[in-house]
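Peer 1: These are the residues of each chain, in order.
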Amino acid sequence: MNPKPYLLLIVAMLCCAVMRVYAQPVPLKGRVTDQNGSPVPGATVKILHTGKGTTVAANGDFEISHEGNAVLEITAIGYDPVQVNVAAGQTTVAITLRESKKELNEVVVTALGVKREKRALTYSTQEVKGAALVEAKEPNIVNALSGKVAGVQITSSSGTPGSSSRIVIRGATSFYGENQALIIVDGVPVNNDETGNLNSGPGTNRLADIDPAIIENISVLKGAAATALYGSAGARGVIMITTKSGSAAAKKPAVTFSQDVSFETPWLPETQDKYAQGEYNYDTKQYEYFDGDIKKTSSSFGPLMDTLMINGQKAKKYNPAKDFFKTGVTSNSTVSVNGGNGLSDYFLSYSYLKQTGTTPKTDYDRHALFAKYNTKILKNLNSTFQLNYSSSLNDRLPEGYILEAPIWTVLTAPVSWNPLPYLNPDGTQRVFRYSRNNPYWVLDNIYNKARVNRFIPVVTLNYSPLGWLTITERMGADIYSEQDKYRESRGSAANPTGRIIEQNINFRQFNHDFIVNATKDVGNFNLNLLLGNNVLSTYTQTEYAKGTGLSIDGFDNIGQASSISYNETHYQNRKVGFYAQANVDYKRTFILSLTGRYDGSSVLSQEKSFYPYGSVAGSFVFSELLSPAVTDVMNFGKIRLSYATVGNDNVRPYQLNTPYQLPQGGGDVPGVAGIIFTNYSFPFQGQTGYLLSQTLGNPSLKNERLNEFEIGLETNFFHNRLGLEASYFARKTNDGIIPGVPIAPSTGYSGTTVNAARMQNRGIEILLNARPVQSKDFSWDLTFNFSRIRNKVLYIYNGQSQIGNGFTSIIVGQPYGVIVGSLFKRTAGGQLLIDDAGLPFSDSTGVIGDINPDWIAGISNTFRYKHFSLSFLFDMKKGGDIQNNVDGYGYFYGTPKVTEDRADRVVPGINVSDNKPNTTVVNGQDYWRRLSGVTESVIQDGTYVKLRTISLGYDFGRSLFPNTFVKSASLIVTGRNLWIYSPHFTGGDPEVSSFGASSGSQGIYSFSTPTSRSVNFTLKVSF
Amino acid sequence: MNKVLYIIAIAGCLLAGGCKKFIDVNQDPNRPSSVQEALILAPAELVVTQSMYAGNAAVIVQEYLQTIALNQPVPNAGTYYMVPSDMDGDWTILYATCLNNVVRLDSVAQQNNHPNYAAIAKILQALCWGQGTDLWGDIPFSGALAGADNFTPEYDKQEDIYKGMQQLLDDAIAAIDQQSTVVPGDDDYLYKGDMTKWKKLAYTLKARYYMHLTNAPGYDAATQAGLALAALDKGMEADDDDLKFPYQGIAGQENIWYQTFLPGSTLILASGFIDSLKARNDPRLTYMVKPAEETGLYTGRQIGSAPGSLEAYSRPSDFYQGAGAYNYVVNYEEALFLKAEATLIKSGYAAAEPIYRQAIQAHMTKLNVSGSAVSAYMAARGTLTAANALQRIMEEKATADFLSVENFNDWRRTGFPVLKKVLNGLSEVPRRLLYPQVEVISNPQPQQSARLTDRVWWDQ
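Note that the protein sequences, when read in sequence, are chains A and B.
Read left to right, the first sequence gives residues 20 to 1042 (this note's numbering).
Read left to right, the second sequence gives residues 120 to 579 (this note's numbering).
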């Protein structure tokens, strides 16, 4: 490499020069512990008025020399400072520190797991306690963060158990690359890919493998200044998860058992149940009944159910959705034990989650085992070994508007048709219409299974040879294997010969960090220097076999298929990084922080594989300079300012060359609309074959760059009873990597990978904490968070002003993720133009929606009265458009509630031929069907207010089982999503993304399993 | 203390030295960087015949010809609604999926001195350029397919592309005449390495492309007809010579037209085609068309009308649409009808008559229509006259060339079979396709302002 290793040396030497150790011959040995007797490593010991000082070692011991009577001042992050008198000649001292109750001394976990005082930070972070995550009763950690953190947008996908959720911090930064936050568990990055679905619909985001119950807290690092040390991937924001540890103080094991049971019912879109299956008969001018067996149609434009007679009997009315969905049941059992003996401690946890979905035959099982063991190998060498193991099994069904998906024919089934039995006497499927499956047939004949076994071991060694110096070596891995299987029986509408897909994924990632951390007080300065090295290696292997032409019913082995295609892929990427950080704190008033990192990435051009970046940030704690009269009201005030530039390699491996590839599954033209089915894969008829990749390699690919400016204010009032934090940020992606950006096909290639994208995000985040009432028996806590982010695409590539991205588009001058579709033709004044048939029409496409919310906010309230606690969280989103695809199809079928209005009508508007007001009468069927063809008609504002959780708890303490070994017990009842207010959205739950968590899947509500409202009961007992 | 940090720093340097090597892992283990001819030929034949000659653009053209209809609300392709981005995929197929590969096949074959592979590659190139220029007129030709060396290839004149196509076919014939012993085997789905058939195809294509220029400015119909007749003398001689892709019909290997008419596409047959067969009492109706599932009737959908029940409309018969049916690209009947038309131009309707009858007979035989039905039909159709000869020849050619893009070229050249603007049609019947959005953006050229109703150079 051609970096400057000298730099490191110079920095290292500088640091040594500054930190010479002072020593005098009269020794004092001391030990600093907390109230529990645990050592407080890193505490600072100063002899007042002498400038002498030292730092407490990992085992709590310190040594300092003194002359005559002296006053020691001991300070430590998170503890109240204490002063101790030492007599002349005294040689030993024991000091107990009390944990600080003051919020301004709050300690937060920052990049690389370094704990720092929140007051001294130069950037914005927000912490969520483990208890708050557990309270959310969400099996998926991402969902548990919903509504709690400013600047973070979380979008759930579908209501199928185990479905993914998307988490984006401070807006999208990449067009086609990853936009979701980097997830770090105890200093080690873990994979959060969405996997496990071999057909349409969401999969599982792999963070779901981690049990929320083992989490001590989550620290959300938002800006580039906060995450620069994490290197490239951190540019998207970091979710830092710290797991629970045992208690270091010598004590007996503490066992906690908790059992949750919850019941889920789906949020369904409203459908009409007044009209039977049928179609408008243009000859008789009547809505004609179709029975669904002899006369089939997709539509429910039939006669009124109330007066419909079938075979002389009044027609029976069915409720297709209510009959199909059932109450989901989730059970979660957790048992944990923790303890320690002063030198070592442990935490063990096991949980079993079993979730059965509201769609029959869907479920999610997760066994999660976590063990952490922390021990002192030597006096100044501390080690932690931890292992997280999980095993999950997910059963799901295809979702969305594909022929295999059962929900399509559930939500659009006629109310006059009995869906059972699902087979005709001849063994063929019985369906009310052509070209679809009976949803009950699907339950017995289509499945999608995903089984994941995952290990996350982490070893951390902390060596403190000197009081002010800590050397950390951390090795972690994330290893999982996944077995996926999809089966579709013969006779399916989409694949009449049936198919079986078998997929195995092997993922492994190794991470290594070596960190040297030095802290020293010099006069009024507190200096901290950190140097480190990171190595990250990631490998994924995928084996995929597809068999079509099944021959044995009820037998799931792929060997029976008449045609089998197989594909294997391997992806390997590696990164190395060197980093340094310097913090200078002057009189706890002025804080300057500098970081630098030099990264090398395997996926970039060899000439450009190494790239430097860094940040500069400062804080000014102005409350230190205010008079006591002012600080009595405003006890803390800080302004912070930062600028960071972060290099990023957000691209898959192997994008530099143009190889040949095996044409498979017609996937040779990905993402291009308008292609008629070209379903073929090689080998084909006994011949194998290769075609040139259509994506031209770019041998000079370099890193993209994210620049961010942030300014923030943090204030506390009335002795921390009220806290306000506000941040403004402006971030911009430059040279953004666009894999497969379209180029003129006449070059022989449909796309190439370039460094071109420019996109900006600007936003405001506000966080308000308040404790309006605090008394012995009663307290009220309130938290409010608000974020408003404005994204804008500034540049794509070489004259491109618009490129597609799944269900949305990327357009210069627009936010990332606008919906493009057909627009109603209108007059200059905005009135609908009406064609000669009397109907509105479209002859062009354009931007019809923006999926980005105007703002999002959350309010949480917690009331405690004696042993009762009541808390509730409201979550709000203003704006953010959704393409309601259920209505899009439903208008054609006449199934949504609004289509109940189907009387003949004159559509208000101007006739396109004569420019006069329209007077042509049309029937309801023609009207709704015309609307179904114009996407603009189903773009709905996704504004919502949600009662995300409401929870009532009672803490029995020892009262329930007095005089027994039971230490405490509590009972909690929690409601989730019990109430949703969404004035413009006609579907069930507007917070949905039917096709998963990827950037291209956003903004569409289709035929996926509805999300649920649920009631949860929890009993927790500690021994 | 300095020692510790020195060690760390030195260790860092040593590690850094190994870094470059450590991260040198970007060699693609999934995709090869070079392959031999047979591996390119097999998929190239599939994509040229299937993705291009029966792909999106080919289906849209069938909608213009009122052969296929989309069961969707208006406006749609059938009512002449098109935005440039609708064509993005088709150009990707033309240039990136097909041409880039057959041109590469040509160069690999030349490097390895395998003239038969080079010849096939050249014939397939001619088929690609022909499809491209017939549908879009001027397109990138001389500067195309250069990758990063030319991101904005200029658009060549259609006349020059036609010259290039004839040259490619001549070169192919010359390469076959080298009599190389290296011939493809099963990697050649189309002719199984029978180079004689490839040569007949080359001559038939020469004739097809000569005849396309009968109305071209500066070209003389009689001269073109003469050139075509000369080429046809060495062209296809029997059904066995058809350029058709065989499908095994098993799962994953279904005929492209079977896939095209699966319910998901909502494509079915249009009333224009079915009603014309009915109007002529053509016995081929039941051999070429399947009755509607819902009604048992032979019903085509009227393009532009409100969508109806998909299963109330007919789809093609299993001869064309069966999972194991052939996809016909150039057939022997086309060669016969080309000969009939060229003879009509050179020698008049009487001379064309026997060839015209031979062509109808050949198609009916292919469909297995009984002899009596054939003769009854021939009788009902009557003999050719000066007034009706061209119309009859082109109508019958269109029936025999069912689902072929060639019918669109023939209609533009001759006006037959007569087409009327469809219900709710947004314009007159289109005479070309739009240039794709992705070219308009990435490679702006003056020709791209063309509208659907504009004419290509030879369509004058």
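FYI, nobody ran anything at the bench for these hints, they're computed from the structure.
On a predicted model such as this, the values are computed, not experimentally measured, just so you know.
Check before you lean on any hint, since a few could be wrong.
Pairs of lysine-lysine, DSS-like flavour, derived with a Cα cap of 27 Å [what the hints assert, rightly or not]:
1) A:Lys395 with A:Lys48
2) B:Lys397 with B:Lys409
3) A:Lys721 with B:Lys139
4) A:Lys606 with A:Lys795
5) A:Lys148 with A:Lys844
6) A:Lys134 with A:Lys398
7) A:Lys134 with A:Lys65
8) A:Lys627 with B:Lys363
9) B:Lys363 with B:Lys540
10) A:Lys314 with B:Lys409
11) B:Lys485 with A:Lys627
12) A:Lys844 with B:Lys540
13) B:Lys397 with A:Lys721
14) A:Lys304 with A:Lys335
15) A:Lys935 with A:Lys270
16) A:Lys380 with A:Lys304
17) A:Lys721 with A:Lys71
18) A:Lys468 with A:Lys134
Peer 1: Could you grab the alpha-carbon distance between Lys397 of chain B and Lys409 of chain B and see if it respects the 27 Å cut-off?
Peer 2: holds, 13 Å
Peer 1: Do the alpha carbons of Lys134 of chain A and Lys398 of chain A lie within 27 Å of each other, as the hint requires?
Peer 2: The hint holds at about 21 Å.
Peer 1: Lys397 of chain B and Lys721 of chain A were given as a pair; does the straight-line alpha-carbon distance stay at or below 27 Å?
Peer 2: It is violated: about 64 Å lies between the C-alpha atoms, which goes past 27 Å.
Peer 1: Tell me if the straight-line CA distance from Lys721 of chain A to Lys139 of chain B falls inside 27 Å.
Peer 2: Since the Cα atoms of Lys721 of chain A and Lys139 of chain B sit roughly 15 Å apart, the hinted pair holds (cutoff 27 Å).
Peer 1: Given the hinted pair Lys380 of chain A and Lys304 of chain A, is their Cα-Cα distance within 27 Å?
Peer 2: violated, 43 Å
Peer 1: Would you mind confirming whether the straight-line C-alpha gap from Lys844 of chain A to Lys540 of chain B stays at or under 27 Å?
Peer 2: holds, 22 Å
Peer 1: When you check the alpha-carbon spacing of Lys606 of chain A and Lys795 of chain A, does it fall within 27 Å?
Peer 2: Measuring from Cα to Cα gives roughly 36 Å; hence the hint is violated.
Peer 1: Checking one constraint from the list: CA of Lys363 of chain B to CA of Lys540 of chain B, max 27 Å. Satisfied?
Peer 2: The hint is violated at about 32 Å.
Peer 1: Run the distance test for Lys485 of chain B versus Lys627 of chain A: straight-line Cα separation, threshold 27 Å.
Peer 2: violated, 63 Å
Peer 1: Would you check the hint for Lys148 of chain A and Lys844 of chain A, treating anything up to 27 Å between C-alpha atoms as holding?
Peer 2: violated, 52 Å
Peer 1: Sort out whether Lys409 of chain B lies within 27 Å of Lys314 of chain A, counting only the CA atoms.
Peer 2: holds, 19 Å
Peer 1: Please work out if Lys627 of chain A and Lys363 of chain B have their alpha carbons no farther apart than 27 Å.
Peer 2: violated, 50 Å
Checked against the numbered hints above, the structure violates hints 4, 5, 8, 9, 11, 13, 15, 16, 17 and 18; every other hint is satisfied.
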